[in-house]
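*Asks:* Residue strings, one per chain:
2 protein chains.
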Amino acid sequence: MPELRKDPILGRWVIIATERAKRPDQFSGSSQQDYAEKPCPFCEGKEPSTPPEIYSSRPRHTMPNGPGWELRVVPSIAPFLRIEGEIDRRGKGLYDLMNGIGAHEIIIETNEHISNMADLSEGQIAKVITCYIDRINDLEKDQRFKYVLVFKNHGWIAGGGRVKHSRSQLIATPVNPKRVKEELAGTRHYYEYHERCVFCDMIRQELESKDRLILDIDGFIAIAPFASRFPFEVWILPKKHSCDFTHMEMSHRVDLGRIIKQVLQKLKKGLNDPPYNYILHTAPFRRQKMGYWKSIEHDYHWHIEIMPRLTRVAGFEWATGFYICPLPPENAAKFLREVQL
Amino acid sequence: MPELRKDPILGRWVIIATERAKRPDQFSGSSQQDYAEKPCPFCEGKEPSTPPEIYSSRPRHTMPNGPGWELRVVPSIAPFLRIEGEIDRRGKGLYDLMNGIGAHEIIIETNEHISNMADLSEGQIAKVITCYIDRINDLEKDQRFKYVLVFKNHGWIAGGGRVKHSRSQLIATPVNPKRVKEELAGTRHYYEYHERCVFCDMIRQELESKDRLILDIDGFIAIAPFASRFPFEVWILPKKHSCDFTHMEMSHRVDLGRIIKQVLQKLKKGLNDPPYNYILHTAPFRRQKMGYWKSIEHDYHWHIEIMPRLTRVAGFEWATGFYICPLPPENAAKFLREVQL
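Residue numbers (my numbering), protein chains in the order written: chain A, 3 to 343; chain B, 3 to 343.
No lab work stands behind these hints: they were computed from the structure. Check before you lean on any hint, since a few could be wrong.
One copy or two, either will do: identical chains are not told apart, so a pair holds if it fits within one copy or between any two.
In the DSS-like style, the derived pairs of lysine-lysine whose C-alpha atoms are separated by at most 30 Å in a straight line are [what the hints assert, rightly or not]:
| id | residue 1 | residue 2 |
| --- | --- | --- |
| 1 | Lys212 | Lys94 |
| 2 | Lys166 | Lys270 |
| 3 | Lys94 | Lys183 |
| 4 | Lys183 | Lys271 |
| 5 | Lys129 | Lys143 |
| 6 | Lys180 | Lys291 |
| 7 | Lys129 | Lys166 |
| 8 | Lys291 | Lys166 |
Let the hints inform the model, and build the full structure from the sequences given.
*Replies:* In structure tokens, the structure reads:
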């Protein structure tokens, strides 16, 4: 059973992933380079090589765990957190820990061996979005979970695996993540003073100045954020205020699919298929119970962050939480605007 | 002039490093691999290839910026922040920014072409420690600065450069870094409840249990922290409470040099010279003016964190602030205890 441990100074949680644990002697300075491609267990016809599917998009006449599907969700074969068991929060002297309860699922976005989400059709990406919504809604029913984080690791440097088949991941956690809590606190703080959503204000300012605007289509915008941590960092935001990704109407999912595809295509073409991480930030579950977070509905604004991994994170960043970005976001936005698709 | 920009949601500062700015087309998916070693500008005899020295440890009969030295400090040739100018804090719509004022110095730890601090003598490391103290004390006189962060990037993955000559860096910042503020808030919170320093309590518990203890010598301990973010993460702490690294007595500097050398040697021998970051966390300047931080003297405890970079940080970590560590720190500590020097 993995363990969730809390840093007694910062309150930061760490997953000690015993299920994936290596022996100490399996780590070494050169292990990073071992990233030769592995045979794909995710292509159509390889269904027996994954655990049984939790969800799929497939025609009625096809059988679960057989071919004919368009999208499948399976549990991770090496989960960071375990679905079975009770949350057992306890102390050990001054330290706090709990059982590593959670869900870790793999969203196989296509039956074809395509490595970059950029190369899926808009319609396929819309199906992936519907799948995120359905899975988040389903996991919300499990009272042990407070949050579901949807993310993607594309390319080795970004944490991608040795199998190059486009997929997203989701992890449901029994605690609200620190970063999410910080965003909620930040947006609340802004709302308390201004009585406006900080993301809505940001969208207005970016549409007006256009300096950092990359795309403005179909009710969504893509921007290079003012305080970008990474060169070519991109945020995608819905123009219409909404704290909860799962409330998105069906027609908007196709529109979101379109802007995601265009952003990922621009990164791929403009920057030679860079490694990237892609994350979805939406409001947590059970927010009516969250005391001073009652205002989340008007404070918070869901969004997607895409972080190309073209620079290295070093000691200064780890020590301070400051980031150093060697490219002004205005230049990144101009460059990406000009990439022709 | 570099710019310091503040994220309006998280309050996180980012340095937009215009001095090191590349053109957008200089980034590409493959640029990470370009890390062939470059000719060394830091060896003895190459003094003209660095900016004039700010500090040195050298016999009286030698001349500044000439040979004969044991240790030199020079300004970075590509500084993240600039020493000249006034702090100019301003707004731009809803965004906050300021001039990128600060200091960025390179501490060349040896006149020989040695790449890993592990291979310096204990006495040389003690001289490096004295240099840190002298430089921090000197920079404190500059009223524009609130903090000095000392760090080291060893190896390419850890952000090290293409010159492999052992050196530390320091960056003085005009704002207190987010991570440091979080540590101060966390230690204060613990102190308010317990009236004890959380680090002192941690040291007691680690000495008693011994599960995560790596070394216990000369008034310092090295531990694998309970909530390690990275496999083989090591913290070095003084057993005697002190919030301020610069208050260290001369005799303790040699002792600290000894434990640093032993930890770095164990990592080098046990893990095949892994890339690592090494950071020093000490109390900020001008703490008597810091309002509710008046208690820093008894709350806070300086320490060194060493983070081997053997795993990749991926989407989940960026999105949540959770870390996933694939090796229990108890196993890491046992392994490092058993590495024979």
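*Asks:* Hints first: check each against the structure and report whether it holds.
*Replies:* The hints, checked one at a time:
no.	hint	in the structure
1	Lys212 x Lys94	between (53 Å within a copy, 14 Å between copies)
2	Lys166 x Lys270	within (15 Å within a copy, 33 Å between copies)
3	Lys94 x Lys183	both (25 Å within a copy, 26 Å between copies)
4	Lys183 x Lys271	neither (35 Å within a copy, 40 Å between copies)
5	Lys129 x Lys143	within (22 Å within a copy, 60 Å between copies)
6	Lys180 x Lys291	both (18 Å within a copy, 29 Å between copies)
7	Lys129 x Lys166	within (20 Å within a copy, 49 Å between copies)
8	Lys291 x Lys166	neither (41 Å within a copy, 54 Å between copies)
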